[in-house]
Amino acid sequence: MQALTNRVKQVNRSPMNFLERLYLPAIFQGMAITLRHFFKKKVTINFPEQQKPFSPVFRGLHVLNRDAEGRENCTACGLCAVACPAEAITMEAAERQPGEESLYREEKYAARYEINMLRCIFCGLCEEACPKDAIYLSETFSPADYERKQFIYTKQDLLIPHPVNEPEEYKKALGNRAKPGNKS
Amino acid sequence: MNHFLLAINLALIIEKLVLIIVVVFASLGIAMYATYGERKVAAFMQDRRGPNRAGPFGILQPVADGLKLFFKEEIIPNFSNKLLFVMGPCLAMLTAIMTSAVIPWGDHIEIFGRSVNLQIADVNIGMLYIFGVLSLGVYGIMIGAWASNNKFSLLGGLRAASQIISYELAMGISFIALLMVTGSLSLKEMVLQQQTGAWWNVVYQPLGFLIFLICAFAECNRTPFDLPEAENELIGGYHTEYSSMKLGFYLFAEYINMFISSAVMATLFFGGYDFPFVDESALSPNFAAILGIVALMAKVFGFIFLFMWVRWTIPRFRYDQLMYLGWRILIPLALFNMLATGAAILYFHK
Numbered sequence: 001m002q003a004l005t006n007r008v009k010q011v012n013r014s015p016m017n018f019l020e021r022l023y024l025p026a027i028f029q030g031m032a033i034t035l036r037h038f039f040k041k042k043v044t045i046n047f048p049e050q051q052k053p054f055s056p057v058f059r060g061l062h063v064l065n066r067d068a069e070g071r072e073n074c075t076a077c078g079l080c081a082v083a084c085p086a087e088a089i090t091m092e093a094a095e096r097q098p099g100e101e102s103l104y105r106e107e108k109y110a111a112r113y114e115i116n117m118l119r120c121i122f123c124g125l126c127e128e129a130c131p132k133d134a135i136y137l138s139e140t141f142s143p144a145d146y147e148r149k150q151f152i153y154t155k156q157d158l159l160i161p162h163p164v165n166e167p168e169e170y171k172k173a174l175g176n177r178a179k180p181g182n183k184s
Numbered sequence: 185m186n187h188f189l190l191a192i193n194l195a196l197i198i199e200k201l202v203l204i205i206v207v208v209f210a211s212l213g214i215a216m217y218a219t220y221g222e223r224k225v226a227a228f229m230q231d232r233r234g235p236n237r238a239g240p241f242g243i244l245q246p247v248a249d250g251l252k253l254f255f256k257e258e259i260i261p262n263f264s265n266k267l268l269f270v271m272g273p274c275l276a277m278l279t280a281i282m283t284s285a286v287i288p289w290g291d292h293i294e295i296f297g298r299s300v301n302l303q304i305a306d307v308n309i310g311m312l313y314i315f316g317v318l319s320l321g322v323y324g325i326m327i328g329a330w331a332s333n334n335k336f337s338l339l340g341g342l343r344a345a346s347q348i349i350s351y352e353l354a355m356g357i358s359f360i361a362l363l364m365v366t367g368s369l370s371l372k373e374m375v376l377q378q379q380t381g382a383w384w385n386v387v388y389q390p391l392g393f394l395i396f397l398i399c400a401f402a403e404c405n406r407t408p409f410d411l412p413e414a415e416n417e418l419i420g421g422y423h424t425e426y427s428s429m430k431l432g433f434y435l436f437a438e439y440i441n442m443f444i445s446s447a448v449m450a451t452l453f454f455g456g457y458d459f460p461f462v463d464e465s466a467l468s469p470n471f472a473a474i475l476g477i478v479a480l481m482a483k484v485f486g487f488i489f490l491f492m493w494v495r496w497t498i499p500r501f502r503y504d505q506l507m508y509l510g511w512r513i514l515i516p517l518a519l520f521n522m523l524a525t526g527a528a529i530l531y532f533h534k
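Heads up: the protein sequence lines correspond to chains A and B, in order. Under the numbering used here, the first residue of the first sequence carries the number 1, and numbering increases by one thereafter. Under the numbering used here, the first residue of the second sequence carries the number 185, and numbering increases by one thereafter.
Because the hints were derived from the structure by calculation, they are not lab data. Some clues are possibly wrong.
Stated by the list, open to error - Quick list of in silico lysine to aspartate or glutamate cross-link-like pairs, EDC-like style, CA-CA up to 16 Å:
| hint | chain 1 | residue 1 | chain 2 | residue 2 |
| --- | --- | --- | --- | --- |
| 1 | A | 171 | A | 67 |
| 2 | A | 42 | B | 231 |
| 3 | A | 132 | A | 67 |
| 4 | A | 40 | B | 231 |
| 5 | A | 41 | B | 231 |
To be verified - Which residues of chain A face chain B? A few of them, derived with a C-beta cut under 8 Å, are:
| hint | residue |
| --- | --- |
| 6 | 42 |
| 7 | 43 |
| 8 | 44 |
| 9 | 82 |
| 10 | 96 |
Glycine included, every Cβ here is placed at the ideal spot set by N, Cα and C.
Excised from the complex, chain A in its bound form (with noise of 0.2 Å):
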């Protein structure tokens, strides 16, 4: 019969030899093939003392971001938590009042502010929605606990450290990410 494609093999149908039916000679094969591999260079990497590196857009723990002069951006629109499949997050707005006007960018913000990471898929959603660039998604990812309690993360958790009080913090927790500020 014709074949179908140029790309048929020809498999080897012959029965086998006295030594290939003797299976030994087959197996001291196998065997030298297995101590190569025991003296070749391991692929297994020490964690936690060696990581592999996370790609920039890997989406891990969320982060409520500040601007450059430390003041908190979320103003507690809603629309994360709207945006949000899972319905992670919650939060309560409040006024700011005359003498917060270092702490805050714009006239309201998140009182309480909480994402619950068990219901969380980090999909990133929240970041696409946000009109203040005050969530993003970082490079850390969530580490393991006991309790169901311990996974529900407040605003203090959150909370990106202050770039003018604790400089070095603030550069580490920023990471790779662009610079603040180009969305408004």
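For this one, chain A is given, so just place chain B on it according to the hints.
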């Protein structure tokens, strides 16, 4: 007169007791670290690192495993036979350790003015004793399988038992050929002959050694013959229902069996405690004994590495392939080996 007799007996009893304690604890320790070695060797052959977190290089891993097994909950199935359920692993462990009594671990050492033989019992039917205890080892598995009240365990136990008794035959027949060459069943006698003779027995009986090796793999339920405990074929085989230390005993008994089989093979075919190219009679007895122990341990570890090496290389046999190999290939081959050895002995020693 009475006082004199009492003195001799006490010293002998103490000497044997110390020897037994040392041998039992040494085999337990070696079996424990064989589990660690297995995981490390398996990992290295699979391009990964193996356990390296518990202690430096993971040395304390077997201790952690043992503690884990102690802390687990003891589950005894409701409808099983409780006495037999507990007795199964004990029997397996008992027969595994009992074989270590006749293996010569070294030559004699001289302490406190006495010459202590490094063999617990130098019976003149040493090898027959080992075969007898090996046959008893089937009971541990069968009792465990039956007492679990579980169809899969029973199937696994049946397969294990039939596998063991099939391969015992080929083992015995290949040993008979060796017996014709050596002329003695005593293991100490065999080592002495290999020490003072020209070559180790493996040169006189290469085919016999190959058959013995394959049968030792089957006796220890080791890949490629590990169908009775294959997890993806029979769930757990005969140790499905076992938890905590009873399971630990079964797994441990397998490693002790491996260690003892390696020691027996090293003694029968590779000269036992004979250090090659060294004339032991020229050295002081204690130093020669230590050298002998080191040589034997090196050979035993080599065999244990071989067991692990083969395990991580080849896939396991199907049950009918296993039976075909045991009855229709190995037994005729062993018989042929025996006849050829007899003919060669007649030809050369006429």
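Cross-check of the supplied hints:
1. Between the alpha carbons of residue 171 of chain A and residue 67 of chain A the distance comes to roughly 13 Å, so the proposed pair stays at or under 16 Å and holds.
2. Between the alpha carbons of residue 42 of chain A and residue 231 of chain B the distance comes to roughly 5 Å, so the proposed pair stays at or under 16 Å and holds.
3. Of the pairs offered as hints, the one joining residue 132 of chain A and residue 67 of chain A holds, with about 10 Å between alpha carbons and a cut-off of 16 Å not exceeded.
4. Annotation: proposed proximity of residue 40 of chain A to residue 231 of chain B holds, straight-line Cα distance about 7 Å (limit 16 Å).
5. Our distance criterion of 16 Å between C-alpha atoms is met by residue 41 of chain A and residue 231 of chain B, whose separation comes to about 7 Å.
6. The interface hint given for residue 42 of chain A is met, as the beta carbon of that residue sits about 5 Å from the closest beta carbon of chain B, less than 8 Å.
7. A hinted interface residue such as residue 43 of chain A counts as satisfied when its beta carbon comes closer than 8 Å to some beta carbon of chain B; here the least separation is about 5 Å, so the hint holds.
8. Checking residue 44 of chain A against chain B by beta carbon gives a least distance of about 5 Å; that is within 8 Å, so the hint holds.
9. A least Cβ separation of about 45 Å between residue 82 of chain A and chain B goes past the 8 Å threshold, and the interface hint is therefore violated.
10. Evaluation of the residue 96 of chain A hint against chain B yields a violated restraint, the C-beta minimum of about 51 Å exceeding 8 Å.
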